[in-house]
Amino acid sequence: MTTYAAIQSSISGDNALPLRPESQVMDLERLGSFHQSRLSFMRTLVRRVFKERWKISPTTFDLDKDGYGTVIYDIKAANSNFSFVIFSNYLSDDERNDRVIATKWDLTMALVEGSVDGDYVEKLRENVPKQEAGRVDSRVFVLSRANRSARNFNYMIDCLANGQQPDIEKIAKVGYLYRTTAVYGSGKLGMADWEKVSTKHRDFARPFAGEMFVCMMLRNFSLLQVEHIAKQRQTDTYTPMDYDIKRYIGIGNSTGLGMAPYLVNHPVLISRWIEMRELALARIRTLGAIDSRIHYHLISLLNRCALHTKQTLTEDEWQTSNNTAVVGDLERLVEFADNGLSDWNTIIHFSEENCSLQGQEMLVSVLLELYPELVDELENFHCTDEFLDLDPLMPAARLKEIMATRYDWALAIDFKAPGAKETYWYRSQEKMEPRLGSISDVEGKKKQMALGVGYAVRKCFDQLSLYVEKNPTHSTARFLVAYPKVRGIVRRVQCMSRSKYGDIQANLLDQNVLPMHLLRCKLAFFGVSKFDPRSKLWVRNTMFQGAPLLEDIGSTFSDDWFMPLTPSV
Amino acid sequence: MNISMNELKAALRRCFEASGYFVGNYEDAANMVLWLEKHGLHGLRELQNTLPYVGEDLHKSLSNVIYEDSTSATIDAHGRSSLNCIASAVDLAHAKALESGIATVTVHNCHNRMFVLKALTDRGRSGISAAAYWKNGSDNITEHAAAIKSGHRYPSYSESSVQTVGNEDKQALTIICSSRVDVGLSLQDQDSTIISPQQVERNKNHCVEHGITICDKLWEDINVIGQGVLVENTERSRADAGGQ
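Residue numbers (our numbering), protein chains in the order written: chain A, 1 to 569; chain B, 1 to 244.
FYI, nobody ran anything at the bench for these hints, they're computed from the structure. Hints should not be assumed to be uniformly reliable.
Said to hold, decoys possible - The calculated EDC-like cross-link candidates involving lysine to aspartate or glutamate, where the alpha carbons are at most 16 Å apart (straight line), are:
(1) K421/A x D510/A
(2) K9/B x E386/A
(3) K188/A x E235/B
(4) K445/A x E232/B
(5) K204/B x E195/A
(6) K200/A x E209/B
(7) K431/A x E235/B
(8) K9/B x E235/B
(9) K310/A x D94/A
(10) K231/A x D158/A
(11) K9/B x E195/A
(12) K130/A x E95/A
(13) K447/A x E232/B
(14) K446/A x E232/B
(15) K431/A x E232/B
(16) K65/A x E227/A
In isolation and in its complexed conformation, chain A is listed as follows (with noise of 0.2 Å):
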């Protein structure tokens, strides 16, 4: 089993593999462009529960003829036992609002650890469908909300009542049932934090397990639920969803600018996810031979992408144009690939020359796919502490050329160029929803998030300059007491200076600063597809779409639901 000291030589010091360098792989734009990989936290979390054969199933179900009432599930995973408790009420369409701000919802959840009595389900059914407003204890660990797709959800009650199957270009252009708005964990609203979940619960310590299980949950459940109701309404008629548009049912994901915070406030953890893709990349570039196998997946790989992104419809404009071009990307990358490939470093130079960031990145995440033997494993590397630990020790100088090598990107930003600090981030009154607003709003700027690292970097290195010309032997520890007001800045530069990629390289600042990058970077670790801008705030997407459903557990397993195709029914 490799060690963490063998992926550790691996990135840095005489034996490193040759990973992309910082300074193209943590560009906003770049990471902006990622696409779910073997990697991404769904696929490691299927990959999971159907190698270990985890045994899930309702051991109460309780919802009338519409649908509304209570479903529990048992899950015996491979360490612990847990309960998935779902409430389903009725919402009018009015009422139905993806926000943050919203206050109900048709469905609600909870994933909480030991099995469920009548009193706790009592418990969970006072607090868990007020959501936010509501309180648990530490036994949960997620919790979550979904509203119905008001395109699909009673046209496909409709169709199963009726006997026949949804027409399946309806389904294509919106390949879910419910959106979830919101996956709470890590100790919101009462729920146990992470570290009791990382120590305590082995089936879910890896970052956003249980979030990710849950959302897994919801897509199994609609899929019941939506059967439960056509059979409910005409029995006599009713036929069950194809199993193959089954597997195409995902579930929607609405996602907006509460998302951006944590990348830049998690810079540790959000490095070692990117180290983790990158070496994997470069371990296929090094040790990755090909075969005629190999070259023919390829092949059908980049096909297979082609025609997952002509199927992706979306209304906006900028990510129609992406589309358009990734699609052109991989129809290069295949002209290329069919004239013979000896190595990979030649197929990705000739993807960095030709073809899109977003395709570059599509290209990636295929090659990933390529090499379940050298990828898999690293995914057993995504955690990390999250110290931000300072070296009081490092001289005041050294921490000067720190930040003149590793943050020579945020010293190359003019600041005082016009709209170079036109933005701010701030959380509104309203659930604390992060928002961004302009600095015309003056009080509303004296609020504003410590997000602009490469800001605070600046004048940190103004200050720094002047006092090291001063005291050119005192240490970083002398330097703080001095100024205070830096500690934030110059604990997180010696700490991401020993990461191997280190911070987001953008202003994010800039009246230009385009926030989606950041919810795209993270949602394809998640590993969702189908990106759907809405504005540059907020993006729709699908998760699950193609995963093997509950059922399939305990039967053979293949893990290849990597940008899944409309079926073929």
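The hints should help you fit chain B onto chain A, whose structure is shown.
Below, chain B alone, put in the same frame as chain A:
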């Protein structure tokens, strides 16, 4: 009510940020309170005493070094809370210990010194042995000592009453750090209350499992102060979220 550690930390960050603590310091301050509470050392009780004055540091001078040599330093905190200055004093002791083997930093005019335990404990994780000593109170005076060994995760803590007191600064704290020797420190008084590293670890395990119990009023007070970082909700503000 019961809250998670993460909720407490997030609320405290907002609270200290709204009180004018700098970036880096408000995270430290939140972690110091949480650490004490998580490890059974009454962080919330300490905070309750601190909270009425939490905004006052904004108007006080920044800490400054008034004496320094290779193995020691004296810092004047100008009446600031240790939440808002002690981490950098411990960092300085740490740096000097690495340079000289052992170092002492004395901080004068500093309140709420119990919060130093988190910063001390971090030294243990960094391979430094660290200890702190201070006295507290004006009528009923107590003395306090905390120490952690190099490479250890949990400190020891002892507290006892003091019958007589000299004219020394009642708001002083002495920090000792060493990269060469274990500076284990415990009070000599036989009646002192001693909390062992093992007990500290047990307290932590209980908190990780069950979360934190906090009185409703204190929780409300923390959150009310923290509202100072939130921007008023307006139609314009709603549009800033990219509303649907």
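Starting from K310/A, check that the Cα of D94/A is at most 16 Å away, please. 33 Å, violated
Pair hint K9/B and E386/A, alpha-carbon separation not exceeding 16 Å: 15 Å, holds
Measure nothing beyond the straight line between the CA atoms of K65/A and E227/A; if it is 16 Å or shorter, mark the hint as holding. 11 Å, holds
Next pair to validate is K431/A with E235/B; report whether the Cα-Cα distance is within 16 Å. 15 Å, holds
Do the alpha carbons of K9/B and E195/A lie within 16 Å of each other, as the hint requires? It holds: about 13 Å lies between the C-alpha atoms, which stays within 16 Å.
16 Å limit on alpha-carbon distance, applied to hinted pair K130/A and E95/A: Cα-Cα ~14 Å, so holds.
Restraint status (C-alpha distance of K9/B to E235/B at most 16 Å): Between K9/B and E235/B the Cα gap is close to 30 Å, so the pair fails against 16 Å, i.e. violated.
Run the distance test for K231/A versus D158/A: straight-line Cα separation, threshold 16 Å. Holds: K231/A and D158/A sit about 10 Å apart, inside 16 Å.
For the pair supplied as a hint, K431/A and E232/B, confirm whether the alpha-carbon distance does not exceed 16 Å. 11 Å, holds
Could you grab the alpha-carbon distance between K445/A and E232/B and see if it respects the 16 Å cut-off? 12 Å, holds
Against the 16 Å threshold, does the CA-CA distance of K204/B and E195/A hold or violate the hint? Holds - the C-alpha atoms of E195/A and K204/B are around 11 Å apart, at most 16 Å.
Holds or violated: K446/A with E232/B, Cα cutoff 16 Å? 12 Å, holds
In this structure, the hints that do not hold are numbers 3, 8, 9, in rising order.
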